[in-house]
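Residues per chain, in single letters:
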Amino acid sequence: MSPATNPPDALALPLPPARPFRKYFNIFRASLTERLAYRADFFLSTMLRFLPVLTTILLWHAIYAAAGTGRSLAGYSEDQMIAYLLLVHISRMFSSMPGLAHGIARDIRDGNLKKYLLQPIEMIPYLLSYRVAHKAAYIATSALPYALLFFLCRDYFTLPTDPWIWAGYLVSLLLGFLVGFFFEATIGMLGFWFLQIGSFLYVINTMSFFLSGHMLPLDVLPAGMAEVLKFLPFKYLAYYPATIFLGKVQGEELVWGLVIELAWATAFIVMACWLYRRGLRHYSAYGG
Amino acid sequence: MGFPACGLAGREVLTRKREKREGGVTRYLRLWFALGKFGLLREMAFRGNFLARLAVEVLWFGIMLIFYDAIFAQTAGNPVAGWGRYEYYFFVGCYFALGGLIETLFLSNCGEFADLVRSGDLDFYLLKPIDEQFLLTCRDLDWATAPNVLMGAGLMVFALLNMPAWTFDPLLAGLFLALFVCGLGMAYSFLLLLMSTSVWLVRNQSLYELWWLFTTLMRYPREIFRGSWELVGRLFTYVIPIMVATNVPANVMAKRLLDPVLVGYTFAATAALLYLSRKFFRLALRRYRSASS
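So the sequence lines, in the order shown, correspond to chains A and B.
Going by the numbering used here, the first sequence opens with residue 640, and the numbers climb by one from there.
Going by the numbering used here, the second sequence opens with residue 421, and the numbers climb by one from there.
Source of the hints: derived by calculation from the structure; they are not laboratory data.
A quick note: this is a predicted structure, and the numbers were derived from the prediction, not measured.
Glycine included, every Cβ here is placed at the ideal spot set by N, Cα and C.
Check each hint, because a few of them may be wrong.
Stated by the list, open to error - Not the full set, but computed from the structure, chain B residues with beta-carbon under 10 angstroms of chain A:
| no. | residue |
| --- | --- |
| 1 | Phe466 |
| 2 | Val476 |
| 3 | Trp480 |
| 4 | Leu633 |
| 5 | Tyr640 |
| 6 | Pro641 |
| 7 | Glu643 |
Next comes chain A alone, as it looks inside the complex:
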């Protein structure tokens, strides 16, 4: 009963419960609450995002009018083109990871990384559950404005009837999330070796915006450039899911495309984890 007997008791901690996912679920729940606290602000900025959507649609109307009525450009009819430019928003909703690499590099730089080393929690699964929560909140809060947008633009869309296309689309979006997450995480791990990666991130993000096909379908670019860009993993962040929805990739080609996407996702998972392990050996916990 005396205080002196307490330390041995305290040391004999019970083993953690055999529910490893529970803590990550709790992280998910807490992050979701944090996100929803600013829902009004969030809703407003989502609404404002429609302005560029409108000007983009009008610009492409003008471009198709210039090309001649009824012509298709690089295999895209006018409706398909506008549908594509709307669909990349859905792709990016899954694949964009604002602040992820930056956050990892910051944790490494200022020594905050040690919280993952001291607590029974792994950095990558922690960040993953955190990000899934943010994505869930983002998708939930922007569902309404986006539903409105897609409803207003419904004439541009021909919904796929083949259930395999729907399945492939969903899989490509989820894999797109993984490619996006682990690509950013891989870049963030470079923080173990370089003090400042912020500037490098600027360049990467700008490149990615273009290379992923966010601005326009890669097919519209000059043939040689388009071929090269289709070999890179960036296309899974925006271009690839949208082309699946539009029925441009089907059957065996679709399956192979998804297998390659899975391979890229796996490659980035392996790379991020490997760099993390290597980096820890390099890490010397600066900061207070």
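Starting from the known structure of chain A, arrange chain B on it as the hints suggest.
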């Protein structure tokens, strides 16, 4: 012994400050120059970061060129919304130069305003013996975006040289420059208006994003607003004249389209906007209640 002397000295300082305050334009130009030099020195302390930001701007410019080149390749060179290939390039150059000027001179300063309001640090700026609008919107120059002005100007010159029918007309060039300055004044006024709202909406962290979304309207020729959208085009031309900022100067120079009503309107709207935005800014300052202790 000390008191009367101190009193005299203090009064003297105040008088001198008032005298200097009345020094007017040259004093502000000198100050701006000094602030710009200081900004450049600070940028040079983090050269790697500066170079990377520069690289992003160049990259972005390249992406825009690839984008429009691909588009005109698809239309087989046909004009888009009434703008031929090189006329459109001129428009893009004009937007790039104008956007670059706004970013270099004002955007980062205005972006910090919401933080100053939230933290109460605005007090320190209000105490300075200088015009608050000048201090808050011009105190720092962001040199990394300055080359955008050169790239935009370069693209404009390139576009003009590629127009077979184009000849240099000093009168037109002068009018273009005047209208371009008007465009800058208009964009600045809109930025000031947007910034001032931070006093009421304290959590307004994304002025950059708001500005980017808003300037989407400067980025394209207004002729893309056709059919049932024409009304929206008119709204952003006459009521909230943001589209005028790039469209009128580019039309005058690249297409020699001199619509006297629109040109006159541009001058009048610039003056009105500069006046109104200043009034609104001062109203916002009066509504400001220091946040900290």
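A quick look at each hint next to the structure:
Given the 10 angstroms rule on beta carbons, the hint for Phe466(B) holds: about 9 angstroms separates it from the nearest Cβ of chain A. Residue-level restraint check for Val476(B) holds (minimum Cβ-Cβ distance to chain A is 5 angstroms; threshold 10 angstroms). With 10 angstroms as the threshold, the beta carbon of Trp480(B) comes within range of chain A, its nearest partner Cβ sitting at about 6 angstroms, so the hint holds. Taken as an interface hint, Leu633(B) checks out: its beta carbon lies about 5 angstroms from the nearest beta carbon of chain A, inside 10 angstroms.
For Tyr640(B), the suggested interface contact is upheld, since its CB lies about 5 angstroms from the closest CB of chain A, less than 10 angstroms. Annotation: interface hint on Pro641(B) holds; nearest CB of chain A at approximately 8 angstroms, less than 10 angstroms. Satisfaction of the interface hint for Glu643(B) is found here, the shortest Cβ-Cβ separation to chain A being roughly 7 angstroms, below the 10 angstroms cut-off.
Consistency note: the structure conflicts with none of the earlier hints.
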